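Peer 1: Turn these sequences into a full structure, and let the hints guide you.
Under UniProt numbering, the first residue of the sequence shown carries the number 1, and numbering increases by one thereafter.
Incorrect hints may have been included.
Computed beta-carbon distance windows for the label pairs [to be verified]:
id	residue 1	residue 2	range
1	Pro264	Asn204	36 to 42 angstroms
2	Arg303	Ser116	20 to 26 angstroms
3	Val266	Gln122	43 to 49 angstroms
4	Asn286	Gly262	16 to 22 angstroms
5	Lys65	Tyr305	26 to 32 angstroms
It should be emphasised that the hints constitute simulated quantities derived from the structure, not laboratory data. None of these values were measured; they are calculated from a predicted model. Where a beta carbon is used, it is the ideal one built from N, C-alpha and C, also for glycine.
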Amino acid sequence: MKKKVTVLATTAILSTTFAANASASTYVVKKGDTLGQIAKTYNTTVNELKSINNLSSDLILINQKLTIADSSQSTNSSKTTATKSQSSTKTSSAAKTYKVVSGDSLIKIANKHSISLAELKQWNKLTSTLIYPGDVLYVSMPGTSSSNTSTPSSSGNSSSNSNTTVKENTTTSTGTYTIKSGDTLSKIASSYKMSVSQLKQLNNLKSDLIFPGQKLKVTASEKVTNTGNTDSSSSTPTFINNGDNEQSYASKVVSVSKSLIGLPYVWGGSTTAGFDCSGFVYYVLNQSGKSIARYSAEGYFDRSYYVDVPSIGDIVYFKNTYKEGISHLGIYIGNNEFIHADSSGVRVTSLDNSYYKEHFDSFKRLY
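Peer 2: Right, dumping it as structure tokens:
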């Protein structure tokens, strides 16, 4: 009898092992992919993806193959949809929340909870990426059944002025918006009831890079107070097309930075006599038209926000090089390359470089 039970148990274990192996699949990374997007598609988490594939950072490369535990989403999609539909009423008032801690960013929180950055910002009525330790954010869709549902607290500059909402105008006319310091495409798009994709398409933008003083075409909208009165200050602005400024800035960054190739490394240097990594970034961006102060690598890190897909002019940060934490940075120039000043002087390096790939931390964009 014991022998028979042992055989059955062994069979069950082998069957389970085979099923687990058979459920694993491979995904080939495409241009524009991020671990967050892939994790969401396959109903898994970024941490699980990194664990399965032995990844030490969030950096992935085009054509890289990732092992994914198949969630059988294709065969179960209808069942999942039905389940969500049936349970939506029950769970509408029990949205999950997350309390922000030091070092958090919106993209990190979104990835951690397997949601998109757009969803996180929409659920919390955020129009910027500024968050602070102690803020409480929705990380699942908040309930809509009660008119008294309140948004979790945020001490940052969120879009949720409770006395003001934006009402989409039915007209298709367009106007212009002049960018101010601290603006992002997401913040502007949200203000005019547009998506970031629509805003970029309207202005022929190839990246998310914008700067103060730049003018963007926007869909005309009207702001209304909570009493329904139209705000006359939101009249349709004059149409102006100034979408080439962003491309001009990117070209300047590449031109200026490449003109410095070969200059020596000098600790604390920020002139053409020699540069260190942060001095190089300071010099290039100022010469390209972006007025920034001189900080250390950590200083720039604290004054920038995460981006999923880098654009020319964004900052690439590295950690644990000559010291713990953020310790090196460079400027992304496209084609999976960045330009920086290290012990070899000013040079262009591929993100596939084994040393820098190992120490890669993130892509960020200065505020």
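Peer 1: Going through the earlier hints one by one, which of them does the structure break, listed in rising order?
Peer 2: Of the numbered hints, all hold.
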